[in-house]
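Place chain B on chain A using the hints.
Number of protein chains: 2
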Amino acid sequence: MSRVINVTGLRSVVTTAETKKAVVLISGGLDSATCLAIARDQGYSCYGLSFDYGQRHRSELVFAEKAATNAVLEDYKVITIDMRGVGGSALTDSSIAVPEKETDGIPVTYVPARNTVFLSYALAWAEVLNAEAIFIGVNALDYSGYPDCRTEFIEAFQAMANLATKQTVEGSSITIKTPLINKTKAEIITLGSSLGVDYSQTVSCYQADEAGRACGVCDSCRLRQKGFEVAGIDDTTRYAG
Amino acid sequence: MSRVINVTGLRSVVTTAETKKAVVLISGGLDSATCLAIARDQGYSCYGLSFDYGQRHRSELVFAEKAATNAVLEDYKVITIDMRGVGGSALTDSSIAVPEKETDGIPVTYVPARNTVFLSYALAWAEVLNAEAIFIGVNALDYSGYPDCRTEFIEAFQAMANLATKQTVEGSSITIKTPLINKTKAEIITLGSSLGVDYSQTVSCYQADEAGRACGVCDSCRLRQKGFEVAGIDDTTRYAG
Chain A
0 MSRVINVTGL RSVVTTAETK KAVVLISGGL DSATCLAIAR DQGYSCYGLS FDYGQRHRSE
60 LVFAEKAATN AVLEDYKVIT IDMRGVGGSA LTDSSIAVPE KETDGIPVTY VPARNTVFLS
120 YALAWAEVLN AEAIFIGVNA LDYSGYPDCR TEFIEAFQAM ANLATKQTVE GSSITIKTPL
180 INKTKAEIIT LGSSLGVDYS QTVSCYQADE AGRACGVCDS CRLRQKGFEV AGIDDTTRYA
240 G
Chain B
0 MSRVINVTGL RSVVTTAETK KAVVLISGGL DSATCLAIAR DQGYSCYGLS FDYGQRHRSE
60 LVFAEKAATN AVLEDYKVIT IDMRGVGGSA LTDSSIAVPE KETDGIPVTY VPARNTVFLS
120 YALAWAEVLN AEAIFIGVNA LDYSGYPDCR TEFIEAFQAM ANLATKQTVE GSSITIKTPL
180 INKTKAEIIT LGSSLGVDYS QTVSCYQADE AGRACGVCDS CRLRQKGFEV AGIDDTTRYA
240 G
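Chains A and B supply the protein sequences, listed in that same order. For the record, in the first sequence the residue sitting at position 185 is 184 according to numbering that gives the first Met the number 0, with numbers rising by one throughout. For the record, in the second sequence the residue sitting at position 217 is 216 according to numbering that gives the first Met the number 0, with numbers rising by one throughout.
Hints are computed from structural coordinates only; laboratory data are not their basis. Quantities reported herein were computed from a predicted structural model and do not represent experimental measurements. Glycine included, every Cβ here is placed at the ideal spot set by N, Cα and C. You can take every hint at face value.
Pair by pair, the computed Cβ-Cβ distance ranges are:
#, chain 1, residue 1, chain 2, residue 2, range
1, A, Ala158, B, Gln41, 26 to 32 Å
2, A, Val229, B, Gly84, 38 to 44 Å
3, B, Glu101, A, Asp81, 33 to 39 Å
4, B, Gly215, A, Leu140, 55 to 61 Å
With a Cα cut of at most 35 Å, we get these calculated DSBU-like pairs of lysine-lysine:
#, chain 1, residue 1, chain 2, residue 2
5, A, Lys76, B, Lys76
6, B, Lys76, B, Lys182
7, A, Lys65, A, Lys76
8, B, Lys65, B, Lys76
9, B, Lys65, A, Lys76
10, A, Lys20, A, Lys182
11, A, Lys100, A, Lys65
12, B, Lys20, B, Lys225
13, B, Lys76, A, Lys65
So here's chain A without its partners, still in its complex pose (with noise of 0.2 Å):
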């Protein structure tokens, strides 16, 4: 059992002790809202956590707090950590242009160690709150390639988060939850729509304007474009130009 109130704007839940309660990781996309959607709809307690780590598209975080306002969350987070400081990706170090075509292997906007930063600080909040699932939005199909974003990453990620808490060592487990990792974007796209995610509320652009307007080119706008296509759904992402 739940009541909705309202805390600094957010509209909030106050949950009783045997709500189930997950972390969910929203950077602004179509991916982290719809993951969102998905825990919600799993009956899940949601405890929204963004990064301001010194990315150059930071308008994402403009969306990724209407995710969260436009969800009903029990708390909402925005946590600060440099990584433009170490550099090393186009999204940190603003003298590396983001590839508007596609690129072999593992492209430049690769944020070193993102995603193992990002759980990290998640599985330090889940252990405070008692909360059983930490909800991550990757996707390895339709994807960039970055490493931590694969099935193997995220085993050894629990594996790990398994020994590395209070809570895990004294046998209460805290999950790893993906559920988008192996769905193509078209899935994910149809997927949101039926559980009432509002994209035109998301940003995916890795070079997004200060109005979150997206580019068009880059690989993240070219995979969110495709997906829209192949789901018959009409895309009303806002593009810049």
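For chain B alone, kept in the frame of chain A given last:
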């Protein structure tokens, strides 16, 4: 070959391509100071990394910087990651008191997923640097029982790291080095002393005051005191009061 230069007040080393690099986690405490000395002694070009995570004993960062300044480092970063927002520990929630005598089980000074978060960020930097190793001064013998200080956790983190990054999936390894994990505190102090570590410039106390003076009664102080006593080395720790 390397030469020493002065950058932002730190002695720094410009290394040639063949130098082996390591990221070294520096907390300001006895163990990490020893770990840094070991990494240097093993011929690594060292990149120091500390975290301002909202810890109660924030004065440890002054000592971390002292360790960084006293060592020859290629670079040194202090990264801010808010773990106080998550709380759940006497070190990140000022309403939870630091125990001043031994307690059963994992004590409340345990910080949820702290080493997982720290190692994840170190992994990101190590990848960008093309470093071979990450040194962390965890110890599973004279320690507070934290799950993320144990060998099985480090091994699981290593397995995860091998699948997490572009560098590791492309065949270069980043090895998590834990040279202190099976040593007693006395052995650590003896080894560090032989490598020239000045322990008066370190602070271990969970509730050190602003001047870095130790309480003398917390778990960490007790382990440190016993270590010096057993090692038969003068304890130059400064105590409050």
